[in-house]
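Enquirer: Here is how the chains run, residue by residue.
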Amino acid sequence: MGDSQYSFSLTTFSPSGKLVQIEHALTAVGSGQTSLGIKAANGVVIATEKKLPSILVDEISVQKTQILTPNIGVVYSGMGPDSRVLVRKSRKQAEQYYRLYKEPIPVTQLVRETATVMQEFTQSGGVRPFGVSLLVAGYDDKGPQLYQVDPSGSYFSWKASAMGKNVSNAKTFLEKRYTEEMELDDAVHTAILTLKEGFEGQISGKNIEIGVIGSDRIFKVLSPSEVEDYLQEAE
Amino acid sequence: MSRFEESAPARGGFSFDLCKRNEMLVQKGLKPSSYLKTGTTIVGLVFQDGVILGADTRATEGPIVADKNCEKIHYMAPNIYCCGAGTAADTEAVTDMVSSQLKLHRFHTGRESRVVTALTLLKSHLFSYQGHVSAALVLGGVDVTGPHLHTIYPHGSTDTLPFATMGSGSLAAMAIFESKYREGLTRDEGVKLVAEAICSGIFNDLGSGSNVDVCVITKGKREYLRNYMLPNPRTYVSEKGYSFSKKTEVLLTKITPLRELVEVIEGGDAMEE
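Those protein sequences? They're chains A and B, same order as listed.
Numbering that gives the first Met the number 0 puts the first residue of the first sequence at 0, with every later residue one more than the last.
Numbering that gives the first Met the number 0 puts the first residue of the second sequence at 0, with every later residue one more than the last.
Calculated from the structure, these hints are not laboratory results.
Keep in mind the model is a prediction, meaning the values are calculated, not measured.
C-beta atoms are modelled at their ideal positions from N, C-alpha and C, and glycine is treated no differently.
A portion of the hints provided could be inaccurate.
Have a look at the derived ranges for each label pair, beta carbon to beta carbon [as the list claims (entries may be wrong)]:
| # | chain 1 | residue 1 | chain 2 | residue 2 | range |
| --- | --- | --- | --- | --- | --- |
| 1 | A | GLY29 | B | GLU262 | 50 to 58 Å |
| 2 | A | GLU58 | B | LYS220 | 32 to 40 Å |
| 3 | A | GLU225 | B | GLU182 | 38 to 46 Å |
Can you make the complete structure from the sequences, with help from the hints?
Expert: In structure tokens form, the structure reads like this:
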């Protein structure tokens with residue numbers, strides 16, 4: 000990072016002590032499509048809107064929810080291409096961890112490594128911060144976990160969180176609906192209802208994506224027909 | 000820029016400096032240490048539904064048996080396994096590394112790994128190390144294009160065969176294959192033939208021994224039959240047990256616990272990180 004003539008960082012402090020580039024990156028995230036995550040007692044669900052720019056786009060080719068390891072998945076809000084880079088790096092880091100320690104990477108470790116990468120891009124020469132916030136859902140020996148990672152590289156563990164366009168409404172909705180004893184199926188229904196709140200147009204299995212991980216510790220992206228089933232139950 | 004003149008090892012990877020030194024010493028008349036024969040029999044064959052791999056379980060350090068029951072059939076992918084002969088560290092490291100690369104590739108493509116992918120990753124790695132990574136492999140698996148069996152030599156050349164053997168016991172095993180192999184074997188016939196070939200290596204080659212491991216790979220399923228046959232059990236166990244001569248005195252028998260029994264208090268304060 001930072002070769003050729005740009006050995007100085009493009010992210011510099013403003014007189015008020017803020018890193019303006021990171022603020023702008025958060026704005027980019029805030030104008031991205033809504034995504035949210037909910038940690039249930041026996042699993043985690045992450046979901047996102049999948050609004051395509053035109054009806055001509057083949058929606059099967061677009062997958063926003065990605066798998067990082069068999070027991071960790073991720074969804075983003077913001078710039079898709081930036082998230083691709085992070086997903087690729089995270090997968091490699093998880094694999095390197097496994098090669099070194101012969102155990103699957105704990106969720107916190109993977110989140111920390113991803114956050115470190117994102118921070119590096121705020122302090123290196125010739126690069127800009129990532130324009131995505133990630134929601135990482137995983138299930139390891141510590142149980143189900145949900146983390147949000149921001150463009151600055153800071154990360155927080157959440158019981159339920161939302162990001163993107165409709166973040167304030169979604170978070171208020173989640174605050175009202177969230178209970179600690181929630182089971183995974185209830186969490187999926189709540190996630191769907193939260194997405195429905197700010198959804199423009201008709202919600203269906205083709206324009207939202209849901210990823211779940213349960214006590215079987217296998218992250219799975221639900222197929223459109225499975226999403227439709229949950230949608231009908233939620234009504 | 001001066002930093003481009005730094006030596007390669009700063010970034011990790013093999014350093015060939017000592018190889019140049021060794022060549023220089025040989026030119027000056029130093030006899031290099033003789034090559035240790037790779038003690039192994041590994042085989043593979045293609046049967047009607049897939050691929051069967053077999054291996055013995057003896058690891059040798061020169062004339063000494065280092066491991067009587069080691070695992071020579073390595074996991075590469077859910078549908079691909081690899082037997083390794085040669086330096087055990089080299090075969091383990093190379094198969095581990097390519098297995099990692101295949102896993103990442105599966106995440107990126109969302110598809111099952113193909114045997115030719117594993118083959119190409121292995122052979123390009125071995126070729127780039129010019130034979131210094133002493134790993135001779137029998138790679139087999141079943142993917143969307145069908146069952147495949149390949150042999151890979153330490154210098155990076157490969158063969159695609161319906162039946163293959165490698166290692167010091169390869170001639171003994173190949174004798175069995177050449178006389179009894181035919182196309183379209185059933186699973187049981189194939190496993191029996193593989194076990195026979197490995198046994199031939201075990202009994203006729205000093206570098207191979209102990210037990211037979213078999214791995215059957217078919218479309219969508221694999222069976223790793225660890226210690227499928229144990230033709231060399233330890234039969235000699237002295238029934239008399241050990242008796243000490245009368246002059247031996249047992250002075251004192253005392254068991255000292257090294258640590259007091261620790262009580263776990265539920266709900267205590269968590270340790271601060």
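Enquirer: Indicate, hint by hint, whether the structure satisfies it.
Expert: Do the hints match the structure? See the list:
1. Between GLY29 (chain A) and GLU262 (chain B) the C-beta distance comes to about 53 Å, which sits within the given range of 50 to 58 Å.
2. Our hint of 32 to 40 Å for GLU58 (chain A) and LYS220 (chain B) holds, since their Cβ atoms are close to 33 Å apart.
3. One distance hint, 38 to 46 Å for the beta-carbon pair GLU225 (chain A) and GLU182 (chain B), holds here, with the actual separation near 44 Å.
Every hint from the earlier list agrees with this structure, and none is contradicted.
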